[in-house]
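Protein chains in written order, with this note's numbering: chain A, 1 to 435; chain B, 1 to 318; chain C, 1 to 180.
Calculated from the structure, these hints are not laboratory results.
Just so we're clear, the structure is a prediction, and the values are computed from it rather than from any experiment.
A couple of the hints might just be wrong.
The calculated BS3-like cross-link candidates involving lysine-lysine, where the alpha carbons are at most 25 Å apart (straight line), are [as the list claims (entries may be wrong)]: (1) A:249 <-> A:173; (2) C:66 <-> B:41; (3) B:181 <-> A:206; (4) A:173 <-> A:134; (5) B:40 <-> C:66; (6) B:182 <-> B:155; (7) A:117 <-> A:31; (8) B:32 <-> C:66; (9) B:32 <-> B:182; (10) B:32 <-> B:155; (11) B:32 <-> B:70; (12) B:258 <-> B:160.
Pairwise CB distance ranges (calculated) [said to hold, decoys possible]: (13) A:243 <-> B:198: 16 to 26 Å; (14) B:80 <-> C:127: 31 to 41 Å; (15) C:57 <-> B:257: 56 to 66 Å; (16) C:95 <-> B:155: 35 to 45 Å.
Some but not every residue of chain B turned toward chain A, in silico, with C-beta under 7 Å [stated by the list, open to error]: (17) 113; (18) 114; (19) 134; (20) 135; (21) 136; (22) 194; (23) 197; (24) 199.
Here a beta-carbon is modelled for each residue, glycine too, at the ideal position from N, C-alpha and C.
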Amino acid sequence: MIRPILIRGGRVIDPSRRTDGVADVYLADGKVAAVGRNIVGEDGCQVIEAAGKVVTPGLIDLHVHLREPGFEELETVSTGAMAAAAGGFTAVCAMPNTDPPLDNQGAIGFVISQAQKAGKARVYPIGTISLGQKGEQLSEFGELLSAGAVAVSDDGKPIMNSHLMRTALEYAKTFGIPVADHCEEITLAQGGAMHEGIVATRLGLKGIPAAAEEIHVARDCILSELTGGHIHLCHMSTRGSVELIRRAKAKGLHVTAEVTPHHFTLTHDACDGYNTNAKMNPPLREPEDVEAVREALKDGTVDVIATDHAPHHYDAKEREFDDAPNGILGLETAFGLAVTQLVRPGLIALPDLLYRMSTRAAQIFKLPGGTLAVGSHADIAVLDPDVEWTVDPGQFYSKSRNTPFGGRRLFGRAEVTIVRGRVVYDRAAPPGRLS
Amino acid sequence: MSPATLGKDLVGLETLSAAQILLLLDTAERFKEVSERPIKKVPALRGKTIVNLFFEASTRTRISFEFAEKRLSADTVNVASSGSSVSKGETLVDTARNLEAMRIDMVVIRHHASGSAEFLGNRIRSNVINAGDGKHEHPTQGLLDLLTLRDRFGKLEGLKVAICGDVTHSRVARSNIWGLKKLGAEVAVCGPPSLVPREIGQLGVEVMTRIEDAIAWADALNVLRLQLERMTAGFIPSLREYNRVFGVTRERLARAPKDLVIMHPGPMNRGVEIDSDVADGEHSVILPQVTNGVAVRMAALYLLAGGSPDWQHQGGSE
Amino acid sequence: MPSRSTLLDDRAIARALTRMASELVERCHGTADVVLVGIQRRGVELAQRLARLVEAQEGKPLPCGKLDITLYRDDLQAVGARPVIGETDLPFDLDDRTVVIVDDVLYTGRTIRAALDELADFGRPRRILLCVLVDRGGRELPIQPDIVGVRQETAGRDRVDVLVRELDGRDAVELARAEG
Numbered sequence: 001m002i003r004p005i006l007i008r009g010g011r012v013i014d015p016s017r018r019t020d021g022v023a024d025v026y027l028a029d030g031k032v033a034a035v036g037r038n039i040v041g042e043d044g045c046q047v048i049e050a051a052g053k054v055v056t057p058g059l060i061d062l063h064v065h066l067r068e069p070g071f072e073e074l075e076t077v078s079t080g081a082m083a084a085a086a087g088g089f090t091a092v093c094a095m096p097n098t099d100p101p102l103d104n105q106g107a108i109g110f111v112i113s114q115a116q117k118a119g120k121a122r123v124y125p126i127g128t129i130s131l132g133q134k135g136e137q138l139s140e141f142g143e144l145l146s147a148g149a150v151a152v153s154d155d156g157k158p159i160m161n162s163h164l165m166r167t168a169l170e171y172a173k174t175f176g177i178p179v180a181d182h183c184e185e186i187t188l189a190q191g192g193a194m195h196e197g198i199v200a201t202r203l204g205l206k207g208i209p210a211a212a213e214e215i216h217v218a219r220d221c222i223l224s225e226l227t228g229g230h231i232h233l234c235h236m237s238t239r240g241s242v243e244l245i246r247r248a249k250a251k252g253l254h255v256t257a258e259v260t261p262h263h264f265t266l267t268h269d270a271c272d273g274y275n276t277n278a279k280m281n282p283p284l285r286e287p288e289d290v291e292a293v294r295e296a297l298k299d300g301t302v303d304v305i306a307t308d309h310a311p312h313h314y315d316a317k318e319r320e321f322d323d324a325p326n327g328i329l330g331l332e333t334a335f336g337l338a339v340t341q342l343v344r345p346g347l348i349a350l351p352d353l354l355y356r357m358s359t360r361a362a363q364i365f366k367l368p369g370g371t372l373a374v375g376s377h378a379d380i381a382v383l384d385p386d387v388e389w390t391v392d393p394g395q396f397y398s399k400s401r402n403t404p405f406g407g408r409r410l411f412g413r414a415e416v417t418i419v420r421g422r423v424v425y426d427r428a429a430p431p432g433r434l435s
Numbered sequence: 001m002s003p004a005t006l007g008k009d010l011v012g013l014e015t016l017s018a019a020q021i022l023l024l025l026d027t028a029e030r031f032k033e034v035s036e037r038p039i040k041k042v043p044a045l046r047g048k049t050i051v052n053l054f055f056e057a058s059t060r061t062r063i064s065f066e067f068a069e070k071r072l073s074a075d076t077v078n079v080a081s082s083g084s085s086v087s088k089g090e091t092l093v094d095t096a097r098n099l100e101a102m103r104i105d106m107v108v109i110r111h112h113a114s115g116s117a118e119f120l121g122n123r124i125r126s127n128v129i130n131a132g133d134g135k136h137e138h139p140t141q142g143l144l145d146l147l148t149l150r151d152r153f154g155k156l157e158g159l160k161v162a163i164c165g166d167v168t169h170s171r172v173a174r175s176n177i178w179g180l181k182k183l184g185a186e187v188a189v190c191g192p193p194s195l196v197p198r199e200i201g202q203l204g205v206e207v208m209t210r211i212e213d214a215i216a217w218a219d220a221l222n223v224l225r226l227q228l229e230r231m232t233a234g235f236i237p238s239l240r241e242y243n244r245v246f247g248v249t250r251e252r253l254a255r256a257p258k259d260l261v262i263m264h265p266g267p268m269n270r271g272v273e274i275d276s277d278v279a280d281g282e283h284s285v286i287l288p289q290v291t292n293g294v295a296v297r298m299a300a301l302y303l304l305a306g307g308s309p310d311w312q313h314q315g316g317s318e
Numbered sequence: 001m002p003s004r005s006t007l008l009d010d011r012a013i014a015r016a017l018t019r020m021a022s023e024l025v026e027r028c029h030g031t032a033d034v035v036l037v038g039i040q041r042r043g044v045e046l047a048q049r050l051a052r053l054v055e056a057q058e059g060k061p062l063p064c065g066k067l068d069i070t071l072y073r074d075d076l077q078a079v080g081a082r083p084v085i086g087e088t089d090l091p092f093d094l095d096d097r098t099v100v101i102v103d104d105v106l107y108t109g110r111t112i113r114a115a116l117d118e119l120a121d122f123g124r125p126r127r128i129l130l131c132v133l134v135d136r137g138g139r140e141l142p143i144q145p146d147i148v149g150v151r152q153e154t155a156g157r158d159r160v161d162v163l164v165r166e167l168d169g170r171d172a173v174e175l176a177r178a179e180g
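Work out the full structure: start from the sequences and follow the hints.
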């Protein structure tokens, strides 16, 4: 039996029901048992005093790289799920660009069993669109889903073959799952190390033009219109992409999109001094692009915040910019960056932010969670949106340390994270680092 | 800060002040004479050890640096890594650490990756001189171009210099733009738009797409080398067509309102970006550029040596 | 407070240089094959004045060169920021000439040591003489002047400033004595 938990006196925000007020939340048998005033728990229940804190459905990240199988020196399902919990996430969707890639039942089942063993945040694997992520032949979506996959994607690589993308969208309709695409027109982007702009020109680095993303976004929207399939656009980074999505949504197309914390926080200026921790794909763009993706989060053009959590070994980033790998960690800084960049400046209200980091994410990938409705999963985050802290990569639960945010002052972090009715992270009694 | 200070490394001209660039040029002016002496050698860097670390083949720049080092009495070692990618072997970090352990005073680095000189400079105590990093900068080439123009015109302020050709892939273009702008020259870049970065105007330069316009406007042309692989990469259709549309030819120069000084960083593709009779003509300063190259590099070595590491104070354990 | 006194005023300098010019011609047995080499900075001006004085006395000009010894300094590794390098211009052959090195102040002798090394890289003079306006003592090398304007023993922390019209607007030799 799981010991029931009473979370007392917090500001309870449930974006799924648009409620926001001081209340108690009672969790029993791994479910939300009650939400209301003056709940009295049964004897021996665990009490979490949440006065001054926010109690909300656990955050859900639709886009992480957990590196297992194949790159366990960077991250494992276990360390990634722990990092997620420390960031207030109760569920993450693991991209399939592992080695071997998640293109078969066995690999999907392996990730799920590793996640169960770890017992931290839930991990939902995403299967590949194409076998071996080669962009040639469709993976067996039905098999992948029956093993536990929740979506398909070849993330890390775009689907360049428009015919393949069309058939993927059509075939995915059979199962009602989204096809998540990494939008990058390869022939334009090839060899690029950062955003094509004045900083790349100064640094003498080959740029990736915004057009490389936008052409691909436009094509995917057109194919969604052609097929009626659900296209999910990963990590949108440009003003042009936002405009294309806005138009597609106005037309009623089944298009959803995500943006990362780094794309609403940093510009290509962060690459100055050849800072490899600012190297990502899609690259950090210009101030107008940052402005546009923030606006898109506010008006709902972009549905969710996803981290694109991408662990890399320190010495892989300790090299020439051209040769350094793309990507940064995201799970342990996402909420702080969102509060600091979006909520505190008054752009987005906290309940709306939590909607985009939890409820909306659950909706578009059809995941449980994202709600405090009685009887739903007891996946809860207790957050302190007001606490100021300094990012110290040395304290991360992730195995890797690659972040451009080290030393940055942020507002807002997770205090307690509960998954399946159990506390998996408590800042007051932090668990040791896993390996 | 004393005016005679460059800092630890010479990575590019972007980060130097006008005063620092002038210090380099004025010091180079003195070193010109050393190369004319019966014994072309002074003891200024006696006892200093310098590694010429060339990850990219470059006979001309390496020899120029080597002459500069030897004329200052430094001890030099040449390390040439022919492999185009360090990922095949030792990483640049490891190379840096090994040099550090050997107590090298200075490293001259040529590397295919932009930013590699700064990367190295940030990781070792030795002075680092950038001898060309990817498409980023080639500061000593920029300085020798400045010195050659100053020799010819007496000053750089108000001078109109057009940098012609493949600007996108050129570290020489970037160093020239920074240096010329800081010393008050007017700069234009001219080339096919497929070889000129869209944002280059933000650096304060004119952008021209017709070589005739550049010739009509400029006091001096710096003609960039066209890498032959630009053709196969789809930036231009053919060398023949490039010469026809963008080549610096005698016929085009004959229509200029005044005689233009012609520079080229070398090695030249005669008959492509520049015609032989222009390269060998009376207004070409291509060979004085080479002569000035040694003086400029002596100046850089001499001035940086002032900020050398003092190994004895580090209590080295190796 | 450091005390400051004038060792030579403009008229005293003129008298000293006139005497030094005569002595120079005497020591060199005339002006044949004699060249003057001024050490940057103020040695250059003094050499030019001596050349004019010799010309006035003998009716023949003496060739005059400039030598910057910065690159031959033995303390170059120790000094931090690089010293500015002056012009070196020896517009004559040194072989078998009598070279008169002209400098403003002779102190440790290290500048002259550097100048001798540098001259050796330019040629092989028959004879080298040293001519200084002020010998302030304090030698660290076995080097002695042949022709001297004024001798004045000083302490290590004292400063001897030679001012010349061409650079400083007036002629003077001043001694700044450190306290104690």
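Verification of the supplied hints:
no. : hint                        : verdict
1   : A:249 <-> A:173             : holds (18 Å)
2   : C:66 <-> B:41               : holds (18 Å)
3   : B:181 <-> A:206             : holds (23 Å)
4   : A:173 <-> A:134             : holds (22 Å)
5   : B:40 <-> C:66               : holds (18 Å)
6   : B:182 <-> B:155             : holds (13 Å)
7   : A:117 <-> A:31              : holds (20 Å)
8   : B:32 <-> C:66               : holds (16 Å)
9   : B:32 <-> B:182              : holds (23 Å)
10  : B:32 <-> B:155              : holds (18 Å)
11  : B:32 <-> B:70               : holds (14 Å)
12  : B:258 <-> B:160             : holds (12 Å)
13  : A:243 <-> B:198: 16 to 26 Å : holds (20 Å)
14  : B:80 <-> C:127: 31 to 41 Å  : violated (49 Å)
15  : C:57 <-> B:257: 56 to 66 Å  : holds (57 Å)
16  : C:95 <-> B:155: 35 to 45 Å  : holds (39 Å)
17  : 113                         : holds (4 Å)
18  : 114                         : holds (4 Å)
19  : 134                         : holds (5 Å)
20  : 135                         : holds (4 Å)
21  : 136                         : holds (3 Å)
22  : 194                         : violated (13 Å)
23  : 197                         : holds (4 Å)
24  : 199                         : holds (4 Å)
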